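There are 2 protein chains.
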Amino acid sequence: MRNLRIDGERLWASLMDLARIGATPKGCKFDGAFGVMAALEVVRTLNDLGWETAAPIEIVAWTNEEGSRFSPAMVGSGVFAGVFDLAYGLGRPDNTSGVTLGAEFERIGFAGPEPVGGRAVAAYFEAHIEQGPILEAAGKPIGVVTGAQGQRWYEVTVTGQEAHAGPTPMPRRRDALVGASRMIEAVNRIGHAHAPNACATVGFVQVSPNSRNSIPGRVFFTVEFRHPEDAVLTEMDRALRQACAEIAAAIGLEVEVSEFWYFPPTPFDPDLVAAVRDAAEAQGYPHQDIISGAGHDAVYMARVAPTAMIFVPCVGGISHNEIEDAKPEDLTAGCNVLLNAVLDLGSACRRP
Amino acid sequence: MRNLRIDGERLWASLMDLARIGATPKGCKFDGAFGVMAALEVVRTLNDLGWETAAPIEIVAWTNEEGSRFSPAMVGSGVFAGVFDLAYGLGRPDNTSGVTLGAEFERIGFAGPEPVGGRAVAAYFEAHIEQGPILEAAGKPIGVVTGAQGQRWYEVTVTGQEAHAGPTPMPRRRDALVGASRMIEAVNRIGHAHAPNACATVGFVQVSPNSRNSIPGRVFFTVEFRHPEDAVLTEMDRALRQACAEIAAAIGLEVEVSEFWYFPPTPFDPDLVAAVRDAAEAQGYPHQDIISGAGHDAVYMARVAPTAMIFVPCVGGISHNEIEDAKPEDLTAGCNVLLNAVLDLGSACRRP
Numbered sequence: 001m002r003n004l005r006i007d008g009e010r011l012w013a014s015l016m017d018l019a020r021i022g023a024t025p026k027g028c029k030f031d032g033a034f035g036v037m038a039a040l041e042v043v044r045t046l047n048d049l050g051w052e053t054a055a056p057i058e059i060v061a062w063t064n065e066e067g068s069r070f071s072p073a074m075v076g077s078g079v080f081a082g083v084f085d086l087a088y089g090l091g092r093p094d095n096t097s098g099v100t101l102g103a104e105f106e107r108i109g110f111a112g113p114e115p116v117g118g119r120a121v122a123a124y125f126e127a128h129i130e131q132g133p134i135l136e137a138a139g140k141p142i143g144v145v146t147g148a149q150g151q152r153w154y155e156v157t158v159t160g161q162e163a164h165a166g167p168t169p170m171p172r173r174r175d176a177l178v179g180a181s182r183m184i185e186a187v188n189r190i191g192h193a194h195a196p197n198a199c200a201t202v203g204f205v206q207v208s209p210n211s212r213n214s215i216p217g218r219v220f221f222t223v224e225f226r227h228p229e230d231a232v233l234t235e236m237d238r239a240l241r242q243a244c245a246e247i248a249a250a251i252g253l254e255v256e257v258s259e260f261w262y263f264p265p266t267p268f269d270p271d272l273v274a275a276v277r278d279a280a281e282a283q284g285y286p287h288q289d290i291i292s293g294a295g296h297d298a299v300y301m302a303r304v305a306p307t308a309m310i311f312v313p314c315v316g317g318i319s320h321n322e323i324e325d326a327k328p329e330d331l332t333a334g335c336n337v338l339l340n341a342v343l344d345l346g347s348a349c350r351r352p
Numbered sequence: 001m002r003n004l005r006i007d008g009e010r011l012w013a014s015l016m017d018l019a020r021i022g023a024t025p026k027g028c029k030f031d032g033a034f035g036v037m038a039a040l041e042v043v044r045t046l047n048d049l050g051w052e053t054a055a056p057i058e059i060v061a062w063t064n065e066e067g068s069r070f071s072p073a074m075v076g077s078g079v080f081a082g083v084f085d086l087a088y089g090l091g092r093p094d095n096t097s098g099v100t101l102g103a104e105f106e107r108i109g110f111a112g113p114e115p116v117g118g119r120a121v122a123a124y125f126e127a128h129i130e131q132g133p134i135l136e137a138a139g140k141p142i143g144v145v146t147g148a149q150g151q152r153w154y155e156v157t158v159t160g161q162e163a164h165a166g167p168t169p170m171p172r173r174r175d176a177l178v179g180a181s182r183m184i185e186a187v188n189r190i191g192h193a194h195a196p197n198a199c200a201t202v203g204f205v206q207v208s209p210n211s212r213n214s215i216p217g218r219v220f221f222t223v224e225f226r227h228p229e230d231a232v233l234t235e236m237d238r239a240l241r242q243a244c245a246e247i248a249a250a251i252g253l254e255v256e257v258s259e260f261w262y263f264p265p266t267p268f269d270p271d272l273v274a275a276v277r278d279a280a281e282a283q284g285y286p287h288q289d290i291i292s293g294a295g296h297d298a299v300y301m302a303r304v305a306p307t308a309m310i311f312v313p314c315v316g317g318i319s320h321n322e323i324e325d326a327k328p329e330d331l332t333a334g335c336n337v338l339l340n341a342v343l344d345l346g347s348a349c350r351r352p
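Chains as they are written, first to last, in the working numbering: chain R, 1 to 352; chain H, 1 to 352.
The shape of chain R in the complex, shown without the other chains (with noise of 0.2 angstroms):
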């Protein structure tokens, strides 16, 4: 372990000279761009102390990571990594006006001519802010990341009898919102019973009619659940399933829960876990090992090569957000594991 450290106070001026560029009242900062600028301070760094290291390494600012623009999200590392073939992912539609990723790539100037993905990679690691309370109330920097929760993503639809609010007797009622509420516990209920790893959460729902007037007769909502063993999902997909036919029952409502999106758990590379663990400890920096709530590229990515992560604490776990922020002595504690993880791994380095 040769213990290098590279320059927080250039890593926290490239972060925020990149913040400036397409700057919104809701620009993250830090979310994936932490983890490009770490990736070019490291090199920078190694270029300042004149190291070279046997094997070559490459910076990649993955493209269309959230899918806020295109669908789905995780597209580049995607098709890299097979999950996706190059067709689709240049096809992805804008979501409102309908251009095409690909043709996007072309106006811009970004269509290079290199092959997309198909060859070896050594060992992949992926820095970037927790995006969860979870470090920052355990005071700890460095979050070593062992892998990637599993997704469990439903769409459940509850349909009740829509009527006028004020001449319906509560027992003849078919609230399909009563039903709704009950299973958006049953759903906060399952998360609880599978502490401390299960998220279980309902992010969406549509009312219909949503009047202030009438009993709805239809409700749609969606359900995410997340955990690192896929028992533990499963058991999670039958209680979700059997409270929604038990609660629909009670009510005489009729309900449909329908999985779209299956997730599996990935569990990351032991060698590089290990390697993130032990620069860490190198630097002295106080750190826990965390399971990744979040998708993230390095979740593809561990598809096709020997992956880990390095997680750095963000202000009351606070992402997605225009509150986001960071702090600069954490993000160069990443960096700098980082850079010691990286060294690990590529031990033929040498000092010309």
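No lab work stands behind these hints: they were computed from the structure. Bear in mind the structure is a predicted one, so any value in this text is a computation, not a measurement. Hints are not guaranteed to be accurate.
Claimed, not checked - Here's a subset of chain R near chain H, in silico, CB distances under 8 angstroms, partners left out:
#1 G132
#2 T146
#3 Q149
#4 G150
#5 A165
#6 G166
#7 R172
#8 N188
#9 A195
#10 A198
#11 T201
#12 N213
#13 E224
#14 P228
#15 A250
#16 G293
What the hints assert, rightly or not - Here are some chain R residues pointing at chain H (derived, C-beta under 7 angstroms):
#17 Q131
#18 P169
#19 V202
#20 G203
#21 A294
As the list claims (entries may be wrong) - If you want the footprint, here are the derived chain H segments under chain R, 3+ residues with CB under 8 angstroms:
#22 171 to 180
#23 215 to 224
#24 288 to 301
Cβ atoms here follow ideal geometry from the backbone N, Cα and C, with glycine treated the same way.
Based on the hints, put chain H in the right spot on chain R.
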């Protein structure tokens, strides 16, 4: 009691003719239209039979009862009864274009020279479909409406912390939707606790940011309570505020419960109610007393004149919906009761 009979086939034909004007896939054929066509049929019958009443009979087609295009609802009867002043009524803007009700009256030639209201009304009767399931379930063609429920309408805003659904552990969440779901269940419980006359409904829900993989940071929803007794409405109000406060405190949410509309319970005139009941009895129609849960022009008219209503069943208790339906024989029964109750009140009627 003279026990005259209207022409049920003519009444039905009038309703079907009217329904063809401005028909849409959600054209309701009976809500409102039945009352006007029934009044017309009463006058046609009196003319056919050569009867004349001591007091003149006016047929009213109230403007803008639904409030679909110009808010608020019942603005015509409200101006007549002095609930709103005339300038307010004429100044109501179209919900989308902003053109006023008064300007539209001028354009279509409905702006007449008569003053609105201000003259004595000895009795006001209104026939209406029930818009609820009670009469159909009881197998009775006539509801003797003894009064209208009081209403309290609320807006509730629940604020938690928006966060990424993946990396935020269950115990650290302040999920506004979980809180709102428990409050919606509490509203339902409060309604059932005051059966059989209470109604408690959440009809409108708005979740923010309403994204599949975000923990909702804010939920806005409406509550409406209805009951014929003010003391019960006061108790329901107390229970709502207590439940919302307790649920919010348990999850660390903020909640704001704001009442924005109060409509006092309106008992109808005992003499007119008795005239309706007597007419149903004399005609041999099964009947029962019933409280109106919906708002009606009659509720405003009750402020300035002795008032009563006659309900007839609607199929499945459904209204405000494309499948609204009513049976011709029930409409005939309601119109016969209206005819004879009107004649009973105008007791100085004579055959010329």
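Verification of the supplied hints:
Because the smallest distance between the Cβ of R/G132 and any Cβ of chain H comes to about 3 angstroms, under 8 angstroms, the interface hint for this residue holds. At its closest, the beta carbon of R/T146 sits 14 angstroms from a beta carbon of chain H; the interface hint therefore is violated under the 8 angstroms criterion. For the restraint placing R/Q149 at the interface with chain H, the shortest Cβ-Cβ distance is roughly 7 angstroms, inside the 8 angstroms limit, so the hint holds. Hint on R/G150 is violated. Least Cβ distance to chain H is approximately 11 angstroms, over the 8 angstroms limit.
Look at R/A165: its Cβ gets to within about 4 angstroms of chain H, closer than 8 angstroms, so that hint holds up. Hint on R/G166 holds. Least Cβ distance to chain H is approximately 3 angstroms, under the 8 angstroms limit. The criterion of a C-beta within 8 angstroms of any C-beta in chain H is met by R/R172, whose closest approach is roughly 5 angstroms, and the hint holds. Contact between R/N188 and chain H, as hinted, is supported at the beta carbon level, the nearest pair being about 5 angstroms apart and thus within 8 angstroms.
With 8 angstroms as the threshold, the beta carbon of R/A195 comes within range of chain H, its nearest partner Cβ sitting at about 6 angstroms, so the hint holds. Taking 8 angstroms as the C-beta cut-off, the interface hint given for R/A198 holds, the closest approach to chain H being about 7 angstroms. Residue-level restraint check for R/T201 holds (minimum Cβ-Cβ distance to chain H is 4 angstroms; threshold 8 angstroms). Taken as an interface hint, R/N213 checks out: its beta carbon lies about 6 angstroms from the nearest beta carbon of chain H, inside 8 angstroms.
Taking 8 angstroms as the C-beta contact cut-off toward chain H, the hint placing R/E224 at the interface holds, the least distance being around 6 angstroms. Here the hint on R/P228 is broken, as its CB sits about 12 angstroms from the closest CB of chain H, past 8 angstroms. Restraint check, R/A250 versus chain H: the minimum CB separation of about 12 angstroms is more than 8 angstroms; hint violated. With its C-beta approaching chain H no nearer than about 3 angstroms, R/G293 sits inside the 8 angstroms limit, and its interface hint holds.
Interface restraint check for R/Q131: the shortest CB-CB distance to chain H comes to about 5 angstroms, inside 7 angstroms, so the restraint holds. Taking 7 angstroms as the C-beta contact cut-off toward chain H, the hint placing R/P169 at the interface holds, the least distance being around 6 angstroms. At about 6 angstroms, the closest approach between the beta carbon of R/V202 and any beta carbon in chain H falls short of 7 angstroms, and the interface hint on this residue holds. With its C-beta approaching chain H no nearer than about 5 angstroms, R/G203 sits inside the 7 angstroms limit, and its interface hint holds.
Annotation: R/A294 was flagged as interfacial toward chain H, and the flag holds, the nearest CB pair being 4 angstroms apart, inside 7 angstroms. Residue count for the stretch 171 to 180 of chain H with a Cβ under 8 angstroms from a Cβ of chain R: 6. That meets the three needed, and the coverage hint holds. Counting residues of the stretch 215 to 224 of chain H whose beta-carbon sits less than 8 angstroms from any beta-carbon of chain R gives 4, enough to reach three: the coverage restraint holds. Under a criterion of three residues with beta carbons nearer than 8 angstroms to beta carbons of chain R, the stated coverage of the stretch 288 to 301 of chain H is upheld, 4 such residues being counted.
The structure fails hints 2, 4, 14, 15 (numbered hints given earlier, in ascending order).
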